Amino acid sequence: MLSAVAARKARLQGPATTQPVAVIPTPTSPPAPSLTPVSEPRIVPKLQSKRKAAVQVEKPPSKKKKHAHTAESDRRTRYFEQPDVFKQQGDANLVDDDHADEDTDTSGDDMPVDGAQLNPQIIGTDQRKGATRRRAWSPSAPDSSDDEEDGVVEGNALPSLVPILAEHLRAVSHDAPSVLSTFKPAWEENIFRLSQSEVHDLSLPSYSEQTGTLLLLTAEETVTLLGTYSLTVLRGCISFAGVVLTPSRVSHRVFAPRSSPLPVIKCLALKVPLRDLSLPARLRTTATSMDAAVLLQELHTGVQGLGAVCRTFDGVFSPSRSQSNVSAFDLNLRGVHLVRHCTHDISVLVIPPSWETAMSPILQPAAQTDYSRRVYLVKGPQNSGKSVFARTLLNRLLTLYRRVAFLECDLGQSEFVPGGMVAVNVVDKPVFGPPFTHPSIPHSAHYIGAATPRNSPSHYLDSVQALIQTYNVHLQHAGLVDDTSQGVSSDEDRIVDLIPLVVNTMGWTKGLGADLSRRVEEITDPSDIFELGCRVPQRVWSYSPSEIRTYLLEPVPSTVLSHRYTPADNRTLSMLSYFYAVFPVKSDASALQNCTAMSWRTSLPLCAQPPYEVDWKSAFDRTFLTGAGTEDVVPTEIHRVLNGAIVAMVSCEPDTLDTETDDMTAAWSTSPPYKQDAAPPTPFGSSCAGLALVRSLSPVPASVLHLLTPLPPHALSRVRVLVKGELELPVWGMLDFRAGDGGEIAGVESGKVPYLRWGKGEGTGGDRRRVRRNLMRRGQM
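Sequential numbering from 1 applies to the sequence shown in this note's numbering.
It is worth saying that the hints were derived from the structure and are not from the lab.
Predicted model, so just to flag it, every value in this text is computed and none were measured.
Each hint should be verified, as a subset may be incorrect.
Said to hold, decoys possible - In silico BS3-like links for lysine-lysine, alpha-carbon gap of 30 Å or less:
1) K184 x K266
2) K617 x K586
3) K429 x K586
4) K675 x K617
5) K266 x K429
Let's have the full structure, built from the sequences with the hints guiding it.
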């Protein structure tokens, strides 16, 4: 299309001196629409020098000024003698801003491709100035007029990329929803109801007393489910949440809420013969013609009740309003819903190809005979998919090893423990669900007491180093002396002698956070490093002297879920899920067995649950306060600080606590044992069993302490120390959700409770301030 500036330049030169105008080719050149200009520019004379006279075009205020380059002969012409060329021209017209992008297919410049933006290195070569473009709608980037830009096609644009990008954008148009389930269920053809007796004949160790629904899948068929369910592969091979599952009698617990990406069941066509489980006689003939058989059963854990506790996640295990209007197939399973198409509030778990390439070498057959130290460190900035990759890597390793250790160094987004702790967990089953669905009692942990190590970096690094020593000495080859390993079935082909370690680091990668991440990397001494955040995926490379294999991976694109549920919301839900969890009571289980919550008791709020009643004079030896400002708390105020606080239940080795004088011991007779400005227990001689909530503290002379904790009695046997940090109980945990919307405290509505801030602050200075604590300059980072 001939631009208006180029057309004016050609007309001013006249018919005798007409010069060819360079036009950037476009994929299609339709005739320009013949529209009447809204306003005609006026030519205003301005004398610049004695020899040269220039003309200046006065443009509308919304347009940028641009000097017109005219020929020397035309500059000498009087402006009132020059004809109005804009009224005479027929091949260049002024076009309204709303139609400025109709001649070239650029309407999809800002549309995401599978939820991600196009490479800015490619799009940046085709900038447009001077034409207003409307932002294409995207679920991850809401439409806003503030984000619109103006631009002209520069001379260095690459016209050959225009048709390629246009065709690609048409192929991924968001007009038609993506199909999440290609499986078309039909009763008694590819989906069958199994009675309780038929399920019992399968000899499954779990859920054998329930009925089930059997799915028969063909190659490349996909099934996406919403809710909670138990999954067992009976025949064939499937891909699920980045893990390949083969026939086994192990039933996997799956938690798939709308607040996290949904996993997809995909049938794989493998020619490798697999061991199939015996199906009911009436289904064997039909199943022979299919590629996979998957058994689905109901999973009743009470996790849906957390939505009533924390209203931000209310109904995340049920279809949304837009999904409820679409007729769905009934799977004959309560709490399980088939999702056919992608909607604006649904995200699907997608494993990038670079992740697959990076994880494949560690699962090669050669790894089965290599018993060297295996430590896999995952690092990257925030919102790059670091936690998802660490969870996927953990599940992949569990297909090769019987147990895998998981070191959590991210205080804000922990995987198995509530926030504020660095912990080591020993996992023996794949994890299918977000962090709040599998709270666990760690094998060893240390309490930092904050969502970031900013205020206690030394204590944070000491805790990580103590956990690494625990892994090197007690866990790395613990399978050789584990009593339960002798009871492994004969068909167990996973490695038992070695327990690898997955290290999940924090997403704070600047300033002090970068220094701490570098120290964590030195302490853990990883054999493989997976670094997320690279714009372009690269191949693996190694460097001396330690020969650490480093994999540079692409980050996952942000989805609508990251805008709807913030990290603070997920941290709140994880904390409440921990306090409402019900852990199994271990009697003769091994120390290496992972103790994960099996259900949630959400029928009563925390204020109505019966607590432990202990005498703090005889039950606890010391109380510590950590965090900024705690050094100013005097001993006479310790009972007010502990009332309603979250504390860590810590056990210490003998002779690790400082001995006190008689005067200090006498002061503890009237208040809990506390010494002002005392350092917390050293991580090399202590361990944190879990968290507890101090619901009430009796005044002196009584010494009764009421504690709420989900820890079973066997985990509290050695606890003698309480440590309070900066973390506090979320407001949702204080409310009585039985009162309806909003909740209440002690019979008072949440909005009328004194000293309780609910919602956004009002007045000047009511909002939360952002404090920059990094004092280094940009050049020093």
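- Under the criterion that the straight-line Cα-Cα distance not exceed 30 Å, is the pair K266, K429 satisfied? This hinted pair holds, its Cα atoms lying about 20 Å apart.
- Query: Going straight from one Cα to the other, do K429 and K586 come out at no more than 30 Å?
  - Reply: Status holds; Cα separation ~17 Å.
- Item | K675 paired with K617 [C-alpha distance capped at 30 Å] | 15 Å, holds
- Query: Quick one, are K184 and K266 close enough, alpha carbons at most 30 Å?
  - Reply: 13 Å, holds
- Message: Need the status of pair K617, K586: alpha-carbon distance at most 30 Å?
- Response: 28 Å, holds
Of the numbered hints given earlier, the model fails none.
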